[in-house]
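As you go down the protein sequences, you meet chains A and B in turn. First residue of the first sequence? That's 1 in my numbering, and the numbers climb one at a time after it. First residue of the second sequence? That's 1 in my numbering, and the numbers climb one at a time after it.
By construction, these hints were calculated from the structure, which means they are not laboratory data. Treat the numbers as computed from the prediction; the structure is a model and nothing was measured. Ideal Cβ placement from N, Cα and C applies to all residues, glycine included. Errors might be hidden in some of the hints.
For lysine-lysine, the following DSS-like pairs were computed, each having C-alpha atoms within a straight-line distance of at most 30 Å [claimed, not checked]:
id, chain 1, residue 1, chain 2, residue 2
1, A, Lys89, A, Lys11
2, A, Lys89, B, Lys89
3, B, Lys11, A, Lys11
4, A, Lys11, B, Lys89
5, B, Lys11, B, Lys89
6, A, Lys89, B, Lys11
Stretches of chain B that chain A covers, calculated by requiring three or more beta carbons in the stretch to come under 8 Å of a beta carbon on chain A [said to hold, decoys possible]:
id, region
7, 63-69
8, 113-126
9, 144-156
10, 168-179
11, 187-198
Cβ-to-Cβ under 8 Å is the rule here; a few derived chain A residues that face chain B [said to hold, decoys possible]:
id, residue
12, Gly37
13, Asp58
14, Gln69
15, Arg70
16, Ala72
17, Glu142
18, Asp145
19, Lys149
20, His170
Protein chains: 2
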Amino acid sequence: MQVQVIENVLKLNDEVARMNRADLQNAGVYAIDLLGGPGCGKTTLVEKTCAALADSVDIAVIVGDLATQRDADRIARFCRQVVQVNTGKGCHLEAHQVRQALSRINLRDVDLLIIENVGNLVCPVGFDLGQNAKVGMFSTTEGADKPAKYPYLVLAAEILLLNKIDLLPHVPFDTPQFYADIRHLNPTVPVLECSAHTGTLEPWTRWLRQRLPAHVA
Amino acid sequence: MQVQVIENVLKLNDEVARMNRADLQNAGVYAIDLLGGPGCGKTTLVEKTCAALADSVDIAVIVGDLATQRDADRIARFCRQVVQVNTGKGCHLEAHQVRQALSRINLRDVDLLIIENVGNLVCPVGFDLGQNAKVGMFSTTEGADKPAKYPYLVLAAEILLLNKIDLLPHVPFDTPQFYADIRHLNPTVPVLECSAHTGTLEPWTRWLRQRLPAHVA
Chain A
1 MQVQVIENVL
11 KLNDEVARMN
21 RADLQNAGVY
31 AIDLLGGPGC
41 GKTTLVEKTC
51 AALADSVDIA
61 VIVGDLATQR
71 DADRIARFCR
81 QVVQVNTGKG
91 CHLEAHQVRQ
101 ALSRINLRDV
111 DLLIIENVGN
121 LVCPVGFDLG
131 QNAKVGMFST
141 TEGADKPAKY
151 PYLVLAAEIL
161 LLNKIDLLPH
171 VPFDTPQFYA
181 DIRHLNPTVP
191 VLECSAHTGT
201 LEPWTRWLRQ
211 RLPAHVA
Chain B
1 MQVQVIENVL
11 KLNDEVARMN
21 RADLQNAGVY
31 AIDLLGGPGC
41 GKTTLVEKTC
51 AALADSVDIA
61 VIVGDLATQR
71 DADRIARFCR
81 QVVQVNTGKG
91 CHLEAHQVRQ
101 ALSRINLRDV
111 DLLIIENVGN
121 LVCPVGFDLG
131 QNAKVGMFST
141 TEGADKPAKY
151 PYLVLAAEIL
161 LLNKIDLLPH
171 VPFDTPQFYA
181 DIRHLNPTVP
191 VLECSAHTGT
201 LEPWTRWLRQ
211 RLPAHVA
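Excised from the complex, chain A in its bound form:
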């Protein structure tokens, strides 16, 4: 019975995700779901991405956390439309939470929607939110073994980021192992290195711009 209930939850989630996807597509919005462990740098990446694209791209952000409004407050300095979703004890965002958040965003004024998921490398992978792409984020300080230990994210991601490359001189990180493990699981996924903290974002912002309509990016 437990499996049946989980299947029903996922089926319902997929239905709501389809509605989100249709609404986003109709409004011409490209949407990413940003996944990574706690403290890998998701919020800083969102801040710096908003700042880097602000000249030409209208961005909205939905940010998930168990508790606090802090991430939304941080991001609001760089983005006009930010909605915080508090999940309580929930370890991931679900499509209905995104749907509720979308009702508070004027999608007609948006080119790019960034959904920052709860810090967790496991369960967010399994829940479709209606996004165009799941973006998986690792960081050098977490160690090079995370792709192998969290394989479902590597399999599901449209693109992977390796953040905090500025800290490479200070941490043990086996770069060849990191890439070999990813390639073993997913031979084609692009992997981009960045440092959100220092603002080294170039390949990432270029990747994003390429996904936006020509008149925007």
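Add chain B to chain A, keeping to what the hints say.
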């Protein structure tokens, strides 16, 4: 119905956890459940703790990961009894998985059991495994806002560790905010700073020894 199923899962888990706890107590084993995000340094802490206590304490380790045998292989260099549990898509260990692992450990030869949970700051908090203490682990590279954003771990932990203090000079980390947020949630939980990587473990290993029978520690 969904809530009912979740309640049943937790109730069954608690029953099995009670059986684990009775077995551990009967065998004179002190057990900790180590919780922290991916890459906060749990496995390195376990390795170095085993090495530091090896002179006088018999240790067994149960280590949870979605996939791979890597952590068990690492820890086996410092500890004779190590069992890896692969959770597949499961984001936390449950009591029945620990029970199965315990059947492969000779508890009569063990003083201290370390259970390294799946890297996740959310769901492992809610599942009793039969441990004496849940140990919550943060790291400086994750940023100082993690206690406030993952409050249930702070509320449930017997003790909190702040790892990677050797990296403080290289990362933005608001130490007063970190402690203020913890104290706001849990005024009494001990918080110990350490660096598993450099082997700076002293207050932590002392805390552990104090929990072991006098003839051992």
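Status of the hints after comparison with the structure:
no.: 1; hint: A:Lys89 with A:Lys11; verdict: holds, 21 Å
no.: 2; hint: A:Lys89 with B:Lys89; verdict: holds, 18 Å
no.: 3; hint: B:Lys11 with A:Lys11; verdict: holds, 26 Å
no.: 4; hint: A:Lys11 with B:Lys89; verdict: holds, 17 Å
no.: 5; hint: B:Lys11 with B:Lys89; verdict: holds, 21 Å
no.: 6; hint: A:Lys89 with B:Lys11; verdict: holds, 17 Å
no.: 7; hint: 63-69; verdict: holds (count 4)
no.: 8; hint: 113-126; verdict: holds (count 7)
no.: 9; hint: 144-156; verdict: holds (count 7)
no.: 10; hint: 168-179; verdict: holds (count 3)
no.: 11; hint: 187-198; verdict: violated (count 1)
no.: 12; hint: Gly37; verdict: holds, 4 Å
no.: 13; hint: Asp58; verdict: violated, 28 Å
no.: 14; hint: Gln69; verdict: violated, 10 Å
no.: 15; hint: Arg70; verdict: holds, 6 Å
no.: 16; hint: Ala72; verdict: violated, 12 Å
no.: 17; hint: Glu142; verdict: holds, 2 Å
no.: 18; hint: Asp145; verdict: holds, 6 Å
no.: 19; hint: Lys149; verdict: holds, 5 Å
no.: 20; hint: His170; verdict: holds, 5 Å
Hint check: violations occur at hints 11, 13, 14 and 16; the rest are consistent with the structure.
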